[in-house]
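Asks: Sequence:
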Amino acid sequence: MGGQMNVYEVIGREDDPVYNLLTNLQENDEIQIDELRIRKTDKFYEVENDDLHEGFKTIERCYEFISSNVF
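Residue numbers for the sequence shown follow our numbering, so the first one is 33 and each next one is one higher.
Check the hints yourself; a few may be wrong.
To be verified - Label pairs and their calculated CB-CB ranges:
{"hint": "1", "residue 1": "E46", "residue 2": "D83", "range": "28 to 34 Å"}
{"hint": "2", "residue 1": "D74", "residue 2": "D47", "range": "26 to 32 Å"}
{"hint": "3", "residue 1": "Q58", "residue 2": "E80", "range": "15 to 21 Å"}
{"hint": "4", "residue 1": "S100", "residue 2": "D47", "range": "17 to 23 Å"}
{"hint": "5", "residue 1": "L68", "residue 2": "E46", "range": "17 to 23 Å"}
{"hint": "6", "residue 1": "S100", "residue 2": "T55", "range": "14 to 20 Å"}
{"hint": "7", "residue 1": "D47", "residue 2": "D83", "range": "29 to 35 Å"}
{"hint": "8", "residue 1": "P49", "residue 2": "E78", "range": "16 to 22 Å"}
{"hint": "9", "residue 1": "E46", "residue 2": "D82", "range": "29 to 35 Å"}
{"hint": "10", "residue 1": "D47", "residue 2": "D82", "range": "30 to 36 Å"}
{"hint": "11", "residue 1": "H85", "residue 2": "D47", "range": "26 to 32 Å"}
{"hint": "12", "residue 1": "L84", "residue 2": "D47", "range": "24 to 30 Å"}
Unchecked claim - Restricting the straight-line Cα-Cα distance to at most 20 Å, the calculated cross-link-like pairs of lysine to aspartate or glutamate (EDC-like) are:
{"hint": "13", "residue 1": "K75", "residue 2": "E86"}
{"hint": "14", "residue 1": "K75", "residue 2": "E96"}
{"hint": "15", "residue 1": "K72", "residue 2": "E59"}
{"hint": "16", "residue 1": "K72", "residue 2": "E62"}
{"hint": "17", "residue 1": "K75", "residue 2": "D61"}
{"hint": "18", "residue 1": "K75", "residue 2": "E59"}
{"hint": "19", "residue 1": "K89", "residue 2": "E59"}
{"hint": "20", "residue 1": "K72", "residue 2": "E46"}
{"hint": "21", "residue 1": "K89", "residue 2": "D74"}
{"hint": "22", "residue 1": "K75", "residue 2": "E92"}
{"hint": "23", "residue 1": "K72", "residue 2": "E86"}
{"hint": "24", "residue 1": "K75", "residue 2": "E62"}
{"hint": "25", "residue 1": "K89", "residue 2": "D61"}
{"hint": "26", "residue 1": "K72", "residue 2": "D48"}
{"hint": "27", "residue 1": "K72", "residue 2": "E92"}
{"hint": "28", "residue 1": "K72", "residue 2": "D82"}
{"hint": "29", "residue 1": "K89", "residue 2": "E78"}
{"hint": "30", "residue 1": "K89", "residue 2": "E62"}
{"hint": "31", "residue 1": "K72", "residue 2": "D61"}
{"hint": "32", "residue 1": "K72", "residue 2": "E96"}
It should be emphasised that the hints constitute simulated quantities derived from the structure, not laboratory data. Where is the CB? At the ideal position from N, CA and C, for every residue including glycine.
Given these sequences and hints, build the entire structure.
Replies: So, in structure tokens, the structure goes:
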């Protein structure tokens with residue numbers, strides 16, 4: 033069986049406050065979720081903290097990464 037399921041995978045991401053924060057990000061905006069800083073650039077969603085810096089081309093991949101590292 034796969035990894036742990038997020039409740040918003042069942043009821044829909046459009047009701048997920050984290051997904052909504054990501055969709056509302058404008059270019060060069062930055063938000064903080066737990067210990068992760070998330071920034072939207074012209075090409076990527078960047079996720080970083082003191083130990084990592086990851087870039088994602090799509091909001092879906094960024095959301096999946098955040099979900100697996102915060103929840």
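Asks: Would you mind marking each hint as holding or not holding in the structure?
Replies: Hints, verified against the model:
Taking 28 to 34 Å as the suggested C-beta distance range, the pair E46 and D83 conforms, at roughly 31 Å. Evaluation of the 26 to 32 Å hint for D74 and D47 yields a pass: the beta carbon distance comes to about 28 Å. Taken as a hint, the range 15 to 21 Å holds for the pair Q58 and E80, whose Cβ atoms sit roughly 18 Å apart. Between S100 and D47 the CB atoms are about 19 Å apart, so this pair conforms to the stated range of 17 to 23 Å.
Separated by about 21 Å at the C-beta atoms, L68 and E46 satisfy the suggested range of 17 to 23 Å. Evaluation of the 14 to 20 Å hint for S100 and T55 yields a pass: the beta carbon distance comes to about 19 Å. Distance hint check for D47 and D83: the Cβ-Cβ separation is about 30 Å, which falls inside the suggested range of 29 to 35 Å. Between P49 and E78 the beta carbons are some 20 Å apart, a value that agrees with the proposed interval 16 to 22 Å.
Between E46 and D82 the C-beta distance comes to about 32 Å, which sits within the given range of 29 to 35 Å. A hinted range of 30 to 36 Å for the beta carbons of D47 and D82 is consistent with their spacing of about 31 Å. As the Cβ distance of H85 to D47 is approximately 29 Å, the hint placing it in 26 to 32 Å holds. Against the hinted window of 24 to 30 Å, the Cβ-Cβ separation of L84 and D47 comes to about 28 Å, which satisfies the hint.
For the suggested pair K75 and E86, the alpha carbons sit about 13 Å apart, so the restraint of at most 20 Å is met. A hinted pair counts as satisfied when its Cα atoms are at most 20 Å apart, and K75 with E96 qualifies at roughly 18 Å. Straight-line distance between C-alpha atoms of K72 and E59 comes to about 5 Å, which keeps the hinted pair within the 20 Å bound. Note on K72 and E62: the hinted pairing holds, with a Cα-Cα distance of about 7 Å set against a maximum of 20 Å.
A hinted pair counts as satisfied when its Cα atoms are at most 20 Å apart, and K75 with D61 qualifies at roughly 13 Å. Annotation: proposed proximity of K75 to E59 holds, straight-line Cα distance about 9 Å (limit 20 Å). Taken as a hint, the K89 and E59 pair is honoured in the structure, with Cα atoms around 13 Å apart against an allowance of 20 Å. Of the supplied pair hints, the one linking K72 and E46 holds, its CA atoms being roughly 19 Å apart against a limit of 20 Å.
Proposed proximity of K89 and D74 is supported: the alpha carbons are some 10 Å apart, at most 20 Å. The straight-line distance between the Cα atoms of K75 and E92 is roughly 14 Å, inside the 20 Å bound, and the hint therefore holds. For the hint linking K72 to E86, the alpha-carbon distance of about 12 Å falls within 20 Å, and the restraint holds. About 14 Å separates the Cα atoms of K75 and E62, which keeps this hinted pair within 20 Å; it holds.
In summary, the hint linking K89 to D61 is supported, as the alpha carbons are separated by about 16 Å, within the 20 Å threshold. With a C-alpha separation of about 19 Å, the suggested pairing of K72 with D48 holds against the 20 Å cut-off. For the hint linking K72 to E92, the alpha-carbon distance of about 13 Å falls within 20 Å, and the restraint holds. Using a Cα cut-off of 20 Å, the hinted pair K72 and D82 holds, with the two alpha carbons roughly 18 Å apart.
Taking the CA atoms of K89 and E78, the gap is about 9 Å. The hint holds against a cut of 20 Å. The hinted pair formed by K89 and E62 meets the criterion: a straight-line CA distance of about 16 Å does not exceed 20 Å. As the CA atoms of K72 and D61 are separated by approximately 6 Å, the hinted pair is consistent with the 20 Å bound. Straight-line distance between C-alpha atoms of K72 and E96 comes to about 16 Å, which keeps the hinted pair within the 20 Å bound.
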